[in-house]
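With the hints as constraints, model all of the structure from the sequences given.
Protein chains: 2
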Amino acid sequence: MSRLSFSLFISIIISSCFLINPISSIQSQINVWPKPRSISWPNPQATLLSPAFNILSPYHQHLSPAVNRYLRLIQSEHHRPIVTPTVNLTSTPPLHFLTLSISDLTAPLHHGVDESYTLTIPTLGSANLTAFTVWGAMRGLESFSQLVWGDPLRVASGLSVSDSPIFGHRGVMLDTSRNYYGVEDILRTIEAMSANKLNVFHWHITDSHSFPLVLPSEPDLAGKGSYGPEMQYSPADVKRVVEFGFEHGVRILPEIDAPGHTGSWAEAYPEIVTCANMFWWPAGVEWDDRFASEPGTGHLNPLNPKTYQVLRNVLRDVATLFPEPFYHAGADEIIPGCWKADPTVQTFLSNGGTLPQLLEIFVNSTFPYIVSQLNRTAVYWEDVLLDSTVKVDPSILPPENTILQTWNNGPNNTKRIVSAGYRAIVSSSDFYYLDCGHGDFVGNDSRFDRQTGDDPGNPFNYNGGSGGSWCGPFKTWQRVYDYDITYGLSETEAKLVLGGEVALWSEQADPTVLDPRIWPRASAMAETLWSGNRDGTGMKRYAEATDRLNEWRYRMVGRGIRAEPIQPLWCVSHPGMCNTVQ
Amino acid sequence: MSRLSFSLFISIIISSCFLINPISSIQSQINVWPKPRSISWPNPQATLLSPAFNILSPYHQHLSPAVNRYLRLIQSEHHRPIVTPTVNLTSTPPLHFLTLSISDLTAPLHHGVDESYTLTIPTLGSANLTAFTVWGAMRGLESFSQLVWGDPLRVASGLSVSDSPIFGHRGVMLDTSRNYYGVEDILRTIEAMSANKLNVFHWHITDSHSFPLVLPSEPDLAGKGSYGPEMQYSPADVKRVVEFGFEHGVRILPEIDAPGHTGSWAEAYPEIVTCANMFWWPAGVEWDDRFASEPGTGHLNPLNPKTYQVLRNVLRDVATLFPEPFYHAGADEIIPGCWKADPTVQTFLSNGGTLPQLLEIFVNSTFPYIVSQLNRTAVYWEDVLLDSTVKVDPSILPPENTILQTWNNGPNNTKRIVSAGYRAIVSSSDFYYLDCGHGDFVGNDSRFDRQTGDDPGNPFNYNGGSGGSWCGPFKTWQRVYDYDITYGLSETEAKLVLGGEVALWSEQADPTVLDPRIWPRASAMAETLWSGNRDGTGMKRYAEATDRLNEWRYRMVGRGIRAEPIQPLWCVSHPGMCNTVQ
Chain C
1 MSRLSFSLFI SIIISSCFLI NPISSIQSQI NVWPKPRSIS WPNPQATLLS
51 PAFNILSPYH QHLSPAVNRY LRLIQSEHHR PIVTPTVNLT STPPLHFLTL
101 SISDLTAPLH HGVDESYTLT IPTLGSANLT AFTVWGAMRG LESFSQLVWG
151 DPLRVASGLS VSDSPIFGHR GVMLDTSRNY YGVEDILRTI EAMSANKLNV
201 FHWHITDSHS FPLVLPSEPD LAGKGSYGPE MQYSPADVKR VVEFGFEHGV
251 RILPEIDAPG HTGSWAEAYP EIVTCANMFW WPAGVEWDDR FASEPGTGHL
301 NPLNPKTYQV LRNVLRDVAT LFPEPFYHAG ADEIIPGCWK ADPTVQTFLS
351 NGGTLPQLLE IFVNSTFPYI VSQLNRTAVY WEDVLLDSTV KVDPSILPPE
401 NTILQTWNNG PNNTKRIVSA GYRAIVSSSD FYYLDCGHGD FVGNDSRFDR
451 QTGDDPGNPF NYNGGSGGSW CGPFKTWQRV YDYDITYGLS ETEAKLVLGG
501 EVALWSEQAD PTVLDPRIWP RASAMAETLW SGNRDGTGMK RYAEATDRLN
551 EWRYRMVGRG IRAEPIQPLW CVSHPGMCNT VQ
Chain P
1 MSRLSFSLFI SIIISSCFLI NPISSIQSQI NVWPKPRSIS WPNPQATLLS
51 PAFNILSPYH QHLSPAVNRY LRLIQSEHHR PIVTPTVNLT STPPLHFLTL
101 SISDLTAPLH HGVDESYTLT IPTLGSANLT AFTVWGAMRG LESFSQLVWG
151 DPLRVASGLS VSDSPIFGHR GVMLDTSRNY YGVEDILRTI EAMSANKLNV
201 FHWHITDSHS FPLVLPSEPD LAGKGSYGPE MQYSPADVKR VVEFGFEHGV
251 RILPEIDAPG HTGSWAEAYP EIVTCANMFW WPAGVEWDDR FASEPGTGHL
301 NPLNPKTYQV LRNVLRDVAT LFPEPFYHAG ADEIIPGCWK ADPTVQTFLS
351 NGGTLPQLLE IFVNSTFPYI VSQLNRTAVY WEDVLLDSTV KVDPSILPPE
401 NTILQTWNNG PNNTKRIVSA GYRAIVSSSD FYYLDCGHGD FVGNDSRFDR
451 QTGDDPGNPF NYNGGSGGSW CGPFKTWQRV YDYDITYGLS ETEAKLVLGG
501 EVALWSEQAD PTVLDPRIWP RASAMAETLW SGNRDGTGMK RYAEATDRLN
551 EWRYRMVGRG IRAEPIQPLW CVSHPGMCNT VQ
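Protein chains in written order, with the UniProt record's numbering: chain C, 1 to 582; chain P, 1 to 582.
A portion of the hints provided could be inaccurate.
Where chains are identical, the list cannot tell them apart; a pair therefore holds if satisfied intra-copy or between any two copies.
Said to hold, decoys possible - When the alpha-carbon atoms are kept at most 20 Å apart in a straight line, the in silico EDC-like pairs for lysine to aspartate or glutamate are as follows:
hint: 1; residue 1: Lys-540; residue 2: Asp-440
hint: 2; residue 1: Lys-306; residue 2: Glu-247
hint: 3; residue 1: Lys-224; residue 2: Asp-237
hint: 4; residue 1: Lys-540; residue 2: Asp-445
hint: 5; residue 1: Lys-415; residue 2: Glu-544
hint: 6; residue 1: Lys-340; residue 2: Asp-114
hint: 7; residue 1: Lys-495; residue 2: Glu-243
hint: 8; residue 1: Lys-306; residue 2: Asp-342
hint: 9; residue 1: Lys-340; residue 2: Asp-288
hint: 10; residue 1: Lys-415; residue 2: Asp-393
hint: 11; residue 1: Lys-224; residue 2: Glu-271
hint: 12; residue 1: Lys-224; residue 2: Asp-289
hint: 13; residue 1: Lys-415; residue 2: Asp-237
hint: 14; residue 1: Lys-224; residue 2: Glu-491
hint: 15; residue 1: Lys-224; residue 2: Asp-440
hint: 16; residue 1: Lys-35; residue 2: Asp-288
hint: 17; residue 1: Lys-340; residue 2: Glu-286
hint: 18; residue 1: Lys-540; residue 2: Asp-449
hint: 19; residue 1: Lys-391; residue 2: Asp-104
Since the hints were derived computationally from the structure, they do not count as laboratory data.
Pasting the structure below:
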């Protein structure tokens, strides 16, 4: 019934749009999301698209499937804008061809690859898309597809776009351990990412709750540690995801979090995991002595040689499965109480060893292997250097091979990372954590048992705080859109910020809410990281972005992405009327 | 892709559940949600369900389709609990029959109708379901369906249930004006309500944003005021919803909000609507002088006789379409600035007339018609009596024909309503508003443009407050579950509380998010209003409810309702391990 209704909804939206009164006094154009860096369309007009329209492109393993996909999309989408565009349809012959010219068919899909393109759609003759790389060509194809609409199909003409991203790393992180997502969910997410010109799917594959990744050298990890045989990712599944990523210009960046967040490894190898399957925070125990920061305990034991035997098998298999040159090694949230639950660790500490030394042993036993043997750049969560207790000396993580991903303390930690010379990926929980603001998931929580309403004076109380969510409140699309990830940095420091990622942790998410939790909020970040969040005068452009994001949200829904609505449809069809002027 | 993936997800969940390690030390039974008032199952055991299983029931126009539906559900669902029940399968012959005995086949589906039932499933012989009314029988059928699971099918046996609701009014309110929902969405919601023993679908059909209801006597209201011909509810659609409601024991309670929230009426009748299509809060205007509390302006003009000509046609048509004896007349949020925009109102006020008098004119011109001509009990939002500025004298709304629905000020306003002798429906925005906590939808909102993180000292700032949502934070299922809707009332006062409703306002909701916004949080209210939120010792039972709600959530997902997850699957399969003990 759900699907029926959803299809019905889409067809209703599509078939009704032309019937909503446009506000004729407001200029509305066909837009591209994220907004291109430079677009010239002096006389908004459109040409019919020929029924025989075709895209001429050199053959390329990954580009050619993309070309075919866009051709099908363009021919079938028939998008009808909510607000009828004020665009003149010219009487020139219909557009027959889009011709692709690509300088370098060999540039691999790595961080920093040239994604620029120029697109010209003249009023007469064929359209041209020029790019240095196939990845830039894919960005241009997406822009072209968004410039086509209606039935019969028409395409914006007399237009030229010159476009390239501000940041090279524009990602979505998905946690597939706390709850499982099917391969189709992941593919749909990658497809939507590509439509938003996002280019990194950061796959937080494993955690303490389940280990869904089937590894040929260590089959028991998923065999015993997954939620079940139907809730695993086989090598064939991974291959499908990686290939799909290439065909969409999206890098698949795997994360196997370690040494923390590894409780699920204990199902196969109890001997290498400390504090596994213990109650996370027993009665009477101080918070500082907890076993985990949330239910689901377990850390890899840095003192057990077997740990590295298993881990190197894991690393080698992952490097084989994922060609991506970055490897995310995790290393967040080492909880001292978990290591201290182990007798060998206790002995080590009572002999004068320290917690940072334990982490250094772990890093020294894995980082060189990742860098030298597997030829990967290691990405770590910031904790590995910035945690207040368990962190390593920076000397063992050379900045040339190490990237740090920040999630705490807003712009302050970004500054700490780049001022120490490290490259940074920004996923600040204050701005980019998409799961926040839905309360807390732990059971038996008496905080919610209150019979009163507002109590704004006390941030620990239900209403004065953020409703039980550690990172509440909910991050609105505006909050995401307005964040400047290089805020407070010098020009030199800012160059070390590779980009950003919105993150969906899955304590309270699974396939039922995947699309609306991510979209259109990830679209908001996508534009900010691609072309910025300011207009030509340097003013934040969140007001006009509202109207464009609304249209884009409906277009995504039409493409099968359940992006959540940001306003009543009335607002979409009455641009400006739902603004505030205060 | 979405549907494929969702089906895959469901089948994965279902096929994997038996493979998750049960924690054998924790007793887990097959449960019924909402928990019955009284259940006796001294020796948890089960009997196979015969492949020829049948339900024997007297014929009844609405019950018989329900019986057929439950028979199909029972035969096809094959629910597999996440935690394998510790139930002995007896070797007795399989269960062949459930026999229904109903004392009164004529009792209509009205407020207060007897919904009690008793269900006995012996270890030998046929099961019996006894109820006073067909509506009680439907509740019992639902309970029976939840006691069947597995493949081959088995059913709990040696069990008896005696059950009835604490509150007679247990509802979900859906706003179909700000965004449109298809009929299939509404039917799916009613089906899920029935599974949770909820019995009132409060349909907030119209508002300022669109008027989707096609009325034979006033076709232009939807013809011009809806979002388009495909986003309307025809009389046939309404009939389908009402019939579906009867077959599920769910009353369909219509609301045509007036005199506020009527901007959409102006598309057909601009002359009866004040301040229509004006900018809601112009620059430089004080908040007290705004035209509306949110974008979308327009109030019916109480001084124009045409208003009542149109409105009586509307009322008469609605009473014809909806047999429900309650009629919700709205009357919330009268904004003085909107009426004051009209010249006739200005003259009235300058001649010594008052705002309350304007509302009294309106109520006196409609309430007697609703009560005497249409024979309905009028439900109003509390504002009609409790607003600080625009309210009527209680003498014109006799308590015997008037029910007030409270949404402000938590238990305090419930107390004000019942202590004045009125019956109350509780939908406190502090507890029961399901849309809260997702930020604000107005455009051009500079509040979100902040580069800093937490600022808990200032409730108006982004992080210290509730992220821009007027009724934030998000109402968690625990918050909903723990609320006692008669808190602070005397025993006599408490008797005037008919029940409660969770409400989904649709500024930021539409079919893409309908299911997860409502479920399983409405399930939490459903149990609290049916059998309470306390265990036998009087303690709040939110801890054990977590495990039961988790199982119920997965069962709802299996039935096609996209209820959002409340915990990682790991927590579901490791009962108690995700609790807090602090």
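These are the hints, each one checked on the structure:
no., hint, in the structure
1, Lys-540 <-> Asp-440, "between (33 Å within a copy, 18 Å between copies)"
2, Lys-306 <-> Glu-247, "neither (39 Å within a copy, 62 Å between copies)"
3, Lys-224 <-> Asp-237, "within (19 Å within a copy, 51 Å between copies)"
4, Lys-540 <-> Asp-445, "between (41 Å within a copy, 11 Å between copies)"
5, Lys-415 <-> Glu-544, "neither (30 Å within a copy, 45 Å between copies)"
6, Lys-340 <-> Asp-114, "neither (48 Å within a copy, 60 Å between copies)"
7, Lys-495 <-> Glu-243, "neither (30 Å within a copy, 64 Å between copies)"
8, Lys-306 <-> Asp-342, "within (15 Å within a copy, 81 Å between copies)"
9, Lys-340 <-> Asp-288, "within (12 Å within a copy, 61 Å between copies)"
10, Lys-415 <-> Asp-393, "within (18 Å within a copy, 62 Å between copies)"
11, Lys-224 <-> Glu-271, "within (14 Å within a copy, 71 Å between copies)"
12, Lys-224 <-> Asp-289, "neither (29 Å within a copy, 65 Å between copies)"
13, Lys-415 <-> Asp-237, "neither (38 Å within a copy, 58 Å between copies)"
14, Lys-224 <-> Glu-491, "neither (49 Å within a copy, 55 Å between copies)"
15, Lys-224 <-> Asp-440, "neither (28 Å within a copy, 45 Å between copies)"
16, Lys-35 <-> Asp-288, "neither (47 Å within a copy, 38 Å between copies)"
17, Lys-340 <-> Glu-286, "within (14 Å within a copy, 61 Å between copies)"
18, Lys-540 <-> Asp-449, "between (41 Å within a copy, 8 Å between copies)"
19, Lys-391 <-> Asp-104, "neither (43 Å within a copy, 73 Å between copies)"
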